[in-house]
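**Q** So the chains spell out like this:
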Amino acid sequence: MRNFRIWRGDASSGALEDYQVEVNEGEVVLDVLHRLQATQTPDLACRWNCKAGKCGSCSVEINGMPKLACMTRMSTFTADETITVTPLRTFPVIRDLVTDVSYNYVKAREMPAFSPPPDLAPGEYRMQQVDVERSQEFRKCIECFLCQNVCHVVRDHEENKLAFAGPRLFIRAAELDMHPLDARTDRKEHTRDRQGVGYCNITKCCTEVCPEHIKITDNAIIPMKERVVDRRYDPLVWLGRKIFRRDQVEQQAAAEDTTPAPASPETVTHRASPGQVNWAQEIQVPPAPAVGPDGRFAMSEVLIDRAGAPSPFGDDVTFPVDPEQLRYLHPRTDED
Amino acid sequence: MTTTGAESAPGPSKAQPAVTTRPRAAIAERTLRKDRWWLPPGIVAIGLAAWVTYATVRVFLKENYWVAEHHYLTPFYSPCVSLECIPEAAHFGRFVPDLPILPYAVISLPILLLFRLTCYYYRKAYYRSFWLSPPACAVPDGHARYTGETRFPLVLQNFHRYTFYLVVVITAINTWDMFLAFGGEAGFGIGLGNLVLLLNVIFLWLYTLSCHSCRHVTGGRLKHFSKHPIRYRWWTFVSRINPKHMQFAWISLGTLALVDAYVMAVSAGWITDLRFFN
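Protein sequences, first through last, are from chains A and B. Counting along the first sequence from 1, when you hit position 109 you're at 109 in the working numbering, and nothing is skipped either side. Every position in the second sequence, counted from 1, becomes a number in the working numbering once 1000 is added.
Next up, chain A with everything else stripped away, as it sits in the complex:
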């Protein structure tokens, strides 16, 4: 039998409660939480899915450190140690160990997606391994949000959540900015102005807690800071901006349209099937699913106007959609 202290409660109140629970050899903390659910507290809420450290669902704080419950072995604790399990501190609590991590999805939605090169159609992309391997490290991210949770910029300063996107989104920014075929040129400005990379003071806690051992600070945040320096803090570039007043021109353009203009027909030099698919056209960003005044999805089907969860692409899409508006070519097997 081992001693556990688990935070129980919801948004209104909560406290650490003590439990004594059986632990067997080879088990992880998540096993113990499941045994608690099975034997003592059937109403204990915890999020989990794969139990293999690949889905990133069971993020909690164990003895004060953000960890995956499924990857924390019970053998790392002494037999007489009381193990404290609490929900992630940085995000609003829903119940017990479950938190609302939608902050991360809001920030992810603000991130401009990969922008395909205007002169290439899908299938014509050619990249060399040396050009993409830096970005590949960041694709290992399982979105457990432990880095977002441990980052003191938002963990200790709620007010910074508006301006700061967090380490998970910085590796996304680095991945796209280092992508050999990404056509956007404003990613450095976006990282500085919209993501708030300047808030990071490189104390490296995100790297310390990453269960995928991504070198977030060394390989993503610092390179992005340096890329921002290329654009914003280089004295010669700064002088050029002042002399030629590029700042004012950009501000004017940004005020007119925050999203990049769709590629004009003249810039499109290639179409896979002339007249059919414009591979370079901007696809309208799908609207976010409808949320209530509290910013959350309706929790009960009684309150929602349709069965099931809202579509992540928005519930107001009219089918069939116009194929001219899509970057999609339906494959054909029979030539007619």
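It cannot be assumed that every hint is accurate.
What the hints assert, rightly or not - No farther apart than 27 Å at their CA atoms in a straight line, the calculated lysine-lysine pairs in the BS3-like style are these: (1) B:K1124 / A:K140; (2) B:K1244 / B:K1124; (3) A:K67 / B:K1124; (4) B:K1223 / A:K67; (5) A:K67 / A:K140; (6) A:K215 / B:K1062; (7) A:K215 / B:K1124; (8) B:K1223 / A:K215; (9) B:K1244 / A:K140; (10) B:K1062 / A:K140.
As the list claims (entries may be wrong) - If you want the ones that stay clear, here's a sample from chain A, every Cβ over 10 Å from chain B, calculated: (11) W7; (12) L36; (13) D43; (14) N49; (15) G53; (16) K54; (17) G56; (18) F91; (19) V93; (20) Y125; (21) K140; (22) M178; (23) E212; (24) G240; (25) I243; (26) N278.
None of these hints come from the bench; they were simulated from the model. We put the beta carbon where it would ideally sit given N, CA and C, even for glycine.
Fit chain B to the given chain A structure using the hints.
**A** Using the frame of chain A, we list chain B on its own:
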């Protein structure tokens, strides 16, 4: 995609409720960490404070920095540019008037200080140990407000790369001093002091070249490594030593203090240099 009512849909910028409002879990303890999280920042604080104290005392001592017999010059006085410098120790001329507040190496020391002060590793070290922002992971920030490196003066940390360019020159000067030390009053010779100087120069170069700014400006800023094979190879080399930047930072502090203490001890006559050759 054909959508209707896109204007009324909650876009990214309107989805602020999820970012700002609802309460977090009410946990009374400021941190639940039970390990000795205060130990690493404590050690760093003591180590940095001890080194800075030693270096400050040595720099303003203004004596025992040159071993005339073997031409050993401590890096704390290199290049010696003050008018009061020993002429043989001033390899690059003497042109700065001597004032009590100015060290003899008045050009190189501020550059070195700024380089280490804006270094990505030292920033982590002193933000954690001295500024407590945060002292350790999942331990609360010691300050109520936080704007990071977005405002003056911390926005100036972005000038790290320019200090890197200057420090390459200073490290080259230290290397030159090291070579000159092989030729003492009696001609070519090798002593323990030469080996200490050599060790120091090796670790100074490793620390300087493993710098994150060096990694970026020499190769990391490229989008297509395949079009720049030589810069890619150089970037690969820097990427190999860059993860050890912290170790090199500390080892080079250690070798700097060691070589300075050795030169001081030989110069003051407390010990005699162990000679291997001539």
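**Q** Could you run down the list of hints and mark each one as holding or not?
**A** Comparing the hints with the structure gives:
The hinted pair formed by B:K1124 and A:K140 meets the criterion: a straight-line CA distance of about 25 Å does not exceed 27 Å. A threshold of 27 Å between alpha carbons decides the hint, and for B:K1244 with B:K1124 the separation of about 14 Å falls inside it, so the pair holds. Distance check on the hinted pair: A:K67 and B:K1124 sit about 22 Å apart at the alpha-carbon level, within 27 Å; holds. For the suggested pair B:K1223 and A:K67, the alpha carbons sit about 34 Å apart, so the restraint of at most 27 Å is broken.
With a C-alpha separation of about 17 Å, the suggested pair A:K67 and A:K140 falls inside the 27 Å cut-off, and the hint holds. Pair hint A:K215 plus B:K1062 does not hold up; C-alpha atoms about 44 Å apart against a cutoff of 27 Å. A distance of roughly 15 Å separates the Cα atoms of A:K215 and B:K1124; the hinted pair therefore holds under the 27 Å criterion. Under the criterion of a C-alpha separation no larger than 27 Å, the hint pairing B:K1223 with A:K215 is consistent with the structure, at around 19 Å.
Straight-line distance between C-alpha atoms of B:K1244 and A:K140 comes to about 23 Å, which keeps the hinted pair within the 27 Å bound. The hinted pair formed by B:K1062 and A:K140 fails the criterion: a straight-line CA distance of about 55 Å is larger than 27 Å. The beta carbon of A:W7 is not kept farther than 10 Å from every beta carbon of chain B, the shortest such distance being approximately 6 Å. Every CB of chain B is more than 10 Å from the CB of A:L36 (nearest about 18 Å), matching its label as outside the interface.
Taking the minimum C-beta to C-beta distance to chain B, about 16 Å, the non-interface status of A:D43 holds against the 10 Å cut. Residue-level check passed: A:N49 sits 21 Å from the nearest beta carbon of chain B, beyond 10 Å. Even its closest Cβ contact with chain B, about 19 Å, leaves A:G53 beyond 10 Å, as expected for a residue assigned away from the interface. With a minimum CB-CB distance of about 23 Å to chain B, A:K54 clears the 10 Å threshold, and the non-interface call stands.
Separation of A:G56 from chain B is adequate, the least Cβ-Cβ distance of about 18 Å exceeding the 10 Å criterion. The claim that A:F91 is not at the interface with chain B is violated, since a C-beta of that chain comes within 10 Å of its own (minimum 7 Å). With a least beta-carbon separation of about 4 Å from chain B, A:V93 fails to lie farther than 10 Å from that chain, contradicting its non-interface assignment. The claim that A:Y125 lies off the interface holds: its Cβ sits roughly 14 Å from the closest Cβ of chain B, which is beyond the 10 Å cut-off.
Its beta-carbon lying about 17 Å from the closest one in chain B, A:K140 satisfies the requirement of being farther than 10 Å from that chain. Chain B draws A:M178 into its interface by the beta-carbon criterion, the shortest separation being 7 Å against a cut-off of 10 Å. Every CB of chain B lies more than 10 Å from the CB of A:E212, the least distance being 16 Å, so the non-interface label holds. Non-interface status of A:G240 relative to chain B is upheld: no Cβ of that chain comes within 10 Å, the nearest being about 17 Å off.
Listed as a non-interface residue, A:I243 keeps its Cβ farther than 10 Å from every Cβ of chain B; the least gap is roughly 20 Å. Distance check for A:N278 against chain B: the nearest CB is about 14 Å away, which clears 10 Å, and the non-interface claim stands.
Consistency note: the structure conflicts with the earlier hints numbered 4, 6, 10, 11, 18, 19, 22.
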